[in-house]
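Assemble chain B onto chain A, guided by the hints.
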Amino acid sequence: MTHEPSINPADADRERRRLEETWQEPGGLIGWFRCVHHTSIGRRFIITAFVFFLLGGIEAVLLRIQLARPENKFLGPDLYNQVFTMHGSTMMFLFAVPMMLALGVYLVPLMVGARNIAFPRLVAFGYYIYLFGGIFLYTMFLLNTGPDNGWFSYVPLAGPEYGPGKRADTWAQLITFTEVSALVVAVSLITTVFKLRAPGMTLNRIPMFVWAMLVVAFMVVFAMPTVALASTCLILDRLISTHFFNPAEGGDVLLWQHLFWFFGHPEVYIIFIPATGIISSILPAFCRRKIFGYPALVLSLVSTGFIGFGLWVHHMFATGLPKLGQSFFTAASMMIAIPTGIQIFCWIATLWSGRPVFKTPLLFVLGFFVNFIIGGMTGLMLASVSLDQQVHDTFFVVAHFHYVLIGGAVFPLFGGFYYWFPKFTGRRLSERAGRWVFALLLIGFNLTFFPMHQLGLKGMPRRVYTYLPEMGWGGLNLLASIGGVIIVTSVLVFLIDVVRSLRAGEVAGDNPWQAGTLEWATSSPPPDYNFVFIPTVAGRETLWEQREQQRVVTGLRSDLREALVTQVLDAAPDHKTLMPDPSIWPFLSAIATTGLFVGSIFNAWAVPIGAVPVTVALIGWFWPKQQEHEEELESERDQQPVMEGQA
Amino acid sequence: MREDQTFDVSHLPASAFGPRSLMWWGTLGIILIEGTMFAMLIGMYFYLRGRVPDWPPNAAPPALRFGIANTIVLIASVLPNSWYKRAAEKHDLTKVRIGLVISLIFAAAFIVIRFYEFSTLNCRWDTNAYGSVVWTLMGFHTTHLITDFIDTAVLTVLMFTGPIEGKRFSDVSDNAFYWYFVVIVWLPIFAAIYLAPRLI
Numbered sequence: 001m002t003h004e005p006s007i008n009p010a011d012a013d014r015e016r017r018r019l020e021e022t023w024q025e026p027g028g029l030i031g032w033f034r035c036v037h038h039t040s041i042g043r044r045f046i047i048t049a050f051v052f053f054l055l056g057g058i059e060a061v062l063l064r065i066q067l068a069r070p071e072n073k074f075l076g077p078d079l080y081n082q083v084f085t086m087h088g089s090t091m092m093f094l095f096a097v098p099m100m101l102a103l104g105v106y107l108v109p110l111m112v113g114a115r116n117i118a119f120p121r122l123v124a125f126g127y128y129i130y131l132f133g134g135i136f137l138y139t140m141f142l143l144n145t146g147p148d149n150g151w152f153s154y155v156p157l158a159g160p161e162y163g164p165g166k167r168a169d170t171w172a173q174l175i176t177f178t179e180v181s182a183l184v185v186a187v188s189l190i191t192t193v194f195k196l197r198a199p200g201m202t203l204n205r206i207p208m209f210v211w212a213m214l215v216v217a218f219m220v221v222f223a224m225p226t227v228a229l230a231s232t233c234l235i236l237d238r239l240i241s242t243h244f245f246n247p248a249e250g251g252d253v254l255l256w257q258h259l260f261w262f263f264g265h266p267e268v269y270i271i272f273i274p275a276t277g278i279i280s281s282i283l284p285a286f287c288r289r290k291i292f293g294y295p296a297l298v299l300s301l302v303s304t305g306f307i308g309f310g311l312w313v314h315h316m317f318a319t320g321l322p323k324l325g326q327s328f329f330t331a332a333s334m335m336i337a338i339p340t341g342i343q344i345f346c347w348i349a350t351l352w353s354g355r356p357v358f359k360t361p362l363l364f365v366l367g368f369f370v371n372f373i374i375g376g377m378t379g380l381m382l383a384s385v386s387l388d389q390q391v392h393d394t395f396f397v398v399a400h401f402h403y404v405l406i407g408g409a410v411f412p413l414f415g416g417f418y419y420w421f422p423k424f425t426g427r428r429l430s431e432r433a434g435r436w437v438f439a440l441l442l443i444g445f446n447l448t449f450f451p452m453h454q455l456g457l458k459g460m461p462r463r464v465y466t467y468l469p470e471m472g473w474g475g476l477n478l479l480a481s482i483g484g485v486i487i488v489t490s491v492l493v494f495l496i497d498v499v500r501s502l503r504a505g506e507v508a509g510d511n512p513w514q515a516g517t518l519e520w521a522t523s524s525p526p527p528d529y530n531f532v533f534i535p536t537v538a539g540r541e542t543l544w545e546q547r548e549q550q551r552v553v554t555g556l557r558s559d560l561r562e563a564l565v566t567q568v569l570d571a572a573p574d575h576k577t578l579m580p581d582p583s584i585w586p587f588l589s590a591i592a593t594t595g596l597f598v599g600s601i602f603n604a605w606a607v608p609i610g611a612v613p614v615t616v617a618l619i620g621w622f623w624p625k626q627q628e629h630e631e632e633l634e635s636e637r638d639q640q641p642v643m644e645g646q647a
Numbered sequence: 001m002r003e004d005q006t007f008d009v010s011h012l013p014a015s016a017f018g019p020r021s022l023m024w025w026g027t028l029g030i031i032l033i034e035g036t037m038f039a040m041l042i043g044m045y046f047y048l049r050g051r052v053p054d055w056p057p058n059a060a061p062p063a064l065r066f067g068i069a070n071t072i073v074l075i076a077s078v079l080p081n082s083w084y085k086r087a088a089e090k091h092d093l094t095k096v097r098i099g100l101v102i103s104l105i106f107a108a109a110f111i112v113i114r115f116y117e118f119s120t121l122n123c124r125w126d127t128n129a130y131g132s133v134v135w136t137l138m139g140f141h142t143t144h145l146i147t148d149f150i151d152t153a154v155l156t157v158l159m160f161t162g163p164i165e166g167k168r169f170s171d172v173s174d175n176a177f178y179w180y181f182v183v184i185v186w187l188p189i190f191a192a193i194y195l196a197p198r199l200i
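Here the protein sequences come in this chain order: A and B. Residues 1 to 647 (this note's numbering) make up the first sequence, in order. Residues 1 to 200 (this note's numbering) make up the second sequence, in order.
It is worth saying that the hints were derived from the structure and are not from the lab. Heads up, some of the hints might be wrong.
With a straight-line Cα cutoff of 30 Å, these simulated DSS-like cross-link-like pairs (lysine-lysine) come out [said to hold, decoys possible]:
{"hint": "1", "chain 1": "B", "residue 1": "Lys167", "chain 2": "A", "residue 2": "Lys458"}
{"hint": "2", "chain 1": "B", "residue 1": "Lys95", "chain 2": "A", "residue 2": "Lys625"}
{"hint": "3", "chain 1": "B", "residue 1": "Lys95", "chain 2": "B", "residue 2": "Lys167"}
{"hint": "4", "chain 1": "A", "residue 1": "Lys73", "chain 2": "B", "residue 2": "Lys95"}
Okay, chain A solo, but in the shape it has when bound (with noise of 0.2 Å):
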């Protein structure tokens, strides 16, 4: 099973020690600024999202508590729009994303078998600029200048004239923000999974997770640059008066709703696709099978990219478009059931022709499983424009995407957190105390969450801060709202066996799951140079596969940081690159694209003198250091530089 018996144990650990010497990350305080390797980046990435998935909570139960009864004085309207834009925002931008995103920079590095991800100091600026975006938002929040008109914005609320002061600004800021961080993390593990694979790692053996973080970064790359350009051109109309969103001078308001559903359609995809991927993870980990239908699957993920950016439009069916218009977009959303169909056939031929192991990972696929499917017949329902109509702007539709998104993400994300918390720590959370947090999720978020379908058919509309007595939705809204707080419950019990096993947790081992999979090659937690010698594949899940003793890969510097670079299709071995080292500039660079971006919500000349500390910022990042260059010039030594035409 394990990658060291064909190595001389004296060599192995003359190598271990040079390469804990060479990849070693910097202490102390500074260094924690410097940290490249996507372990350390990918847990604190991974810490932050969850912190923000807390907030983004606490914000939720105060909006529960305000609904729980008719005419409640808890939170006044102008408070309650701030705390629900808060809430959807933070969700959706400070945590879903960030959190998928994070999962892939820690894992699929160590999946696919590479020293460190590809151009890991631009994933620490990715994770600063999304910190600092974070930090900027709440400090807004507490200065009574949070968001106000929604998750997506909408103008003309949000435009100059109804909107004064710098909330929606804050709004349209957070999305530069957050954008900037994923576009920079998707570029990097599209590069990872394309070019640093282990020898042997052919594409039809890329692991099924490795997958599904290649299709969501390629969408990341075509969906977020357009929420990008509109925040911008939001902030533009706000700040220097261009009317892109102002009919009055030719400008258009739904032009922002395209623009926005563009990205916001794919946006729910680029959060339920690596859920897929850890669904993928799971399963053949539990039901001791390889997955059911692996071509399938991968053709479905893709599929799914590519439908998912058709069907924007019917988030805007309320809008009068064109019937044809509307015909075109409810067929390609009665489309996508298509390929997540087969997902789940795929699923559960492999539940079916398995042994199942019932540990608390497959607990929450199999919650997923009922969570998910009432999400997406409901995402059927309001794919008729008829019905959408009918219960646009109401409680069903909040049940459906809280089904979708809590379903479809947040189940396989706890399964997932079950799963490699031992590979992140070492040690293991309870498997009692997981069967409390799964029991009390499934019904908190039920009870939560169904009510708000019968609420919807009554009438009742979302973002109203109260309601009459007389509506008669005073009941099922005490129910939703003693159901969150057994979600809260839930969700303490889990930190607080997080903290309790972090302590005195069970040991783990390099692969508790016997997993098939490359991350479960090496030690938990992964050192900092992720594998002693870099594997080779022998099959989908390698470490059941391999032969006795499987081939490793010599002849990398471990004096050096070198990696191996291989072949996009096939992961034949190409050449060595040296990858960075510890750096403070992609931290500085951070702090001066902060600047210009906050900046530039309060005046226009932040922009071009904003601009000067980044390029200066930049150009130190790139400026070779002494020690960088007499490395580059050792790792370069052995060879021949090789000429185009020669490879």
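Chain B in isolation, oriented as in the chain A frame:
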């Protein structure tokens, strides 16, 4: 250590050009991101055109003179770029230096001409949505001209002062690759802003 149990890669080169290298893929990623933004902006331009009867509304289209001049200069700049790109792939430092300097002169030239282009657009960004989208498109492309000018300048200085490694030639090659993008993406923008109001 037995031969049949290991997979020796020590003979492999330490740098590579084009799609073989990591940096090329990073550059491609940035190109895809920014290409999407340009595509969306051009889409916005025509979307907004569909909302008003006259286009451009109450104004003459941008004057052709400087637009055409800049298009010619931009297309011509492909020559020195492809010249130093080929030189870089042969590790020919002298030609790389000469080619980079010539490219910089081109880059400076079209930033200067761009200034005149802005003064003959015949619209302001705050008059109407037409002006807003024209200025945003032009501004976004100009940002690319300026950032690529700075990129190339820094790289040029580095190629003169050192330190230089084999990998640096791969950077030079990718710099030209990115420059091609900045040139190619200008063509649909030029067609949208300068030609479409006159022809369709």
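Structure-based check of each hint:
no.: 1; hint: Lys167(B) <-> Lys458(A); verdict: violated (66 Å)
no.: 2; hint: Lys95(B) <-> Lys625(A); verdict: holds (25 Å)
no.: 3; hint: Lys95(B) <-> Lys167(B); verdict: holds (17 Å)
no.: 4; hint: Lys73(A) <-> Lys95(B); verdict: violated (75 Å)
The earlier numbered hints that this structure contradicts are 1, 4.
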